[in-house]
Amino acid sequence: MIATVEAALEDLRHAGLLALLDVLTGRPGERAEDVLLDLKLVDDHALALALSLRSGRPFRGLRDVSPDHRLFLYLPLHVAQRERVCPLRLDDGRLTVASAYLDPDLSPVRERFPSFELDLVVSPRAEVLEALRRIGV
Amino acid sequence: MPAAGSHHVLRRALIGGYRVADVEVALAELRFALAHLELELQAAARASSASEQILAQLRRELAEANERAGAADAALNDARRERDEVAESARRSVAAAEEEALASRARAADALRFRDELSQTLSRLAEQLRTVVPPAAAEEPLPPAAPVADPVSASPPRPAGLVGPLVELDAGPFHELTEVMSFERALRELPNVTDVYLRTFEDDRARVEVTVGQPVRLVEDIVARLPYSTDVTPSDDAHATLDVQPLVRPA
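Chains A and B are the protein sequences, given in the same order.
Residue numbering for the first sequence follows my numbering, beginning at 546 and increasing consecutively.
Residue numbering for the second sequence follows my numbering, beginning at 1265 and increasing consecutively.
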């Protein structure tokens, strides 16, 4: 997974969207993607698209998407906010989750609902957080 | 009594004057001192001559430096004059541009006023026409209320073939990040496009939502203006599937 993220960041660097990749690697306990986004060194849309291309997971834009609040019975809101994910749809035991990163920790969902299959799609971090803010609106 | 400048002692002779030997010794000493002074004088004269040559050289160099300083002053004055002329010219250009802008604004205001007057005139004409038509239409066998009965006529109908403000494109295949972003950028650079949003990307295909300011023709105004060779499969008015290949631009 880390190799995939690094490959996506390398894509961004080749595309001229990221200049300080070498400086930001190797900080323990932090995602390189978070650091890049917090320092505004990379656009979250471009990062999500690069992660999608490298991982093969679908990219999904969440602008104007209002999540179904009932889905947060399966994926608690505090987990969603912590892991930068947003549940989008539940079809036949398959929960589609938008995630800003490739490896969110969704173990609480897997432990409570072991029969669920989780489908991850990649979305820009800002749009994930914005969608979470729209719950109940 | 010793002679001046000599430490030799002159002794008296027995008969008048000094002893000859002492006098000659004193004279020899004086001659030696004189010769020494002459040598020093020659050396001093040579040093003085060299100093005069150096002084003359320095005076020449000073004169040349003064000439160069004068030339530099002249060049500086020329440059300042040129700068002042350019600044003055720029000020005149700006003033002319401002006057032109004011005149353009005045013309635009006139045009807007004229348009408003035309609009009001047209409204009055339409009102007069409506007041005149019913009696004439009353003579017609057809019911006069038929054209007025259509409530949709309040909003102008969209001409056939135009779509917008939201157009959805399903484009691909894209294999690289730069390809997708270049396609988005190409869409953003189109005239009349106000927003481009990548809704999904999956299986090398991107679904892009394009918002346009005014209704457009999907193929002529959007697809044909992209720097891609494109196969278009329109699915309905505001949706189309594009198979794109970037055009190879000449170097």
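Worth flagging that the hints you see were computed from the coordinates, not collected in a lab.
All C-beta atoms in this analysis are idealised placements derived from N, C-alpha and C, irrespective of residue type, glycine included.
Honestly, I wouldn't trust all of these hints.
Unchecked claim - Over the 12 Å line for every Cβ pair with chain A, so calculated as not near, a few chain B residues:
| no. | residue |
| --- | --- |
| 1 | A1308 |
| 2 | A1311 |
| 3 | R1323 |
| 4 | A1329 |
| 5 | F1378 |
| 6 | H1439 |
| 7 | E1440 |
| 8 | T1442 |
| 9 | E1443 |
| 10 | E1453 |
| 11 | T1464 |
| 12 | A1470 |
| 13 | V1472 |
| 14 | Y1492 |
Claimed, not checked - Which chain B residues face chain A? A few, computed with CB under 7 Å, are given here:
| no. | residue |
| --- | --- |
| 15 | V1460 |
| 16 | L1462 |
| 17 | R1463 |
| 18 | F1465 |
| 19 | E1466 |
Okay, the hints, checked on the actual structure:
The non-interface label for A1308 (chain B) is consistent with chain A: the shortest C-beta to C-beta separation is roughly 75 Å, beyond 12 Å. Its beta-carbon lying about 70 Å from the closest one in chain A, A1311 (chain B) satisfies the requirement of being farther than 12 Å from that chain. Under the 12 Å C-beta cut-off, the non-interface status given to R1323 (chain B) relative to chain A holds; the minimum distance is some 62 Å. Against the 12 Å criterion, A1329 (chain B) stays outside the reach of chain A, whose nearest CB is about 52 Å from its own CB.
With a least beta-carbon separation of about 42 Å from chain A, F1378 (chain B) lies farther than 12 Å from that chain, consistent with its non-interface assignment. The beta carbon of H1439 (chain B) is not kept farther than 12 Å from every beta carbon of chain A, the shortest such distance being approximately 8 Å. For E1440 (chain B), the condition that its CB be more than 12 Å from all CB atoms of chain A is violated, with the nearest at approximately 7 Å. Interface exclusion of T1442 (chain B) from chain A breaks down, the closest Cβ pair being 5 Å apart, not more than 12 Å.
Once the 12 Å rule is applied to beta carbons, E1443 (chain B) is inconsistent with being away from chain A; the minimum gap is 9 Å. At the 12 Å boundary, the C-beta of E1453 (chain B) stays outside the reach of chain A, the nearest C-beta of that chain being 17 Å off. At roughly 5 Å from the closest C-beta of chain A, the C-beta of T1464 (chain B) falls inside 12 Å, breaking its exclusion from the interface. At roughly 8 Å from the closest C-beta of chain A, the C-beta of A1470 (chain B) falls inside 12 Å, breaking its exclusion from the interface.
With a cut of 12 Å on Cβ distances, V1472 (chain B) falls inside the contact zone with chain A, its closest approach being about 10 Å. At roughly 18 Å from the closest C-beta of chain A, the C-beta of Y1492 (chain B) stays outside 12 Å, upholding its exclusion from the interface. Of the supplied interface hints, the one on V1460 (chain B) is violated, with its beta-carbon coming no nearer than about 11 Å to a beta-carbon of chain A, more than 7 Å. With 7 Å as the threshold, the beta carbon of L1462 (chain B) comes within range of chain A, its nearest partner Cβ sitting at about 6 Å, so the hint holds.
Here the hint on R1463 (chain B) is kept, as its CB sits about 5 Å from the closest CB of chain A, short of 7 Å. The restraint placing F1465 (chain B) at the interface with chain A holds, with a minimum CB-CB distance near 4 Å, inside the 7 Å limit. About 4 Å separates the beta-carbon of E1466 (chain B) from the nearest beta-carbon of chain A, less than 7 Å, and the hint is met.
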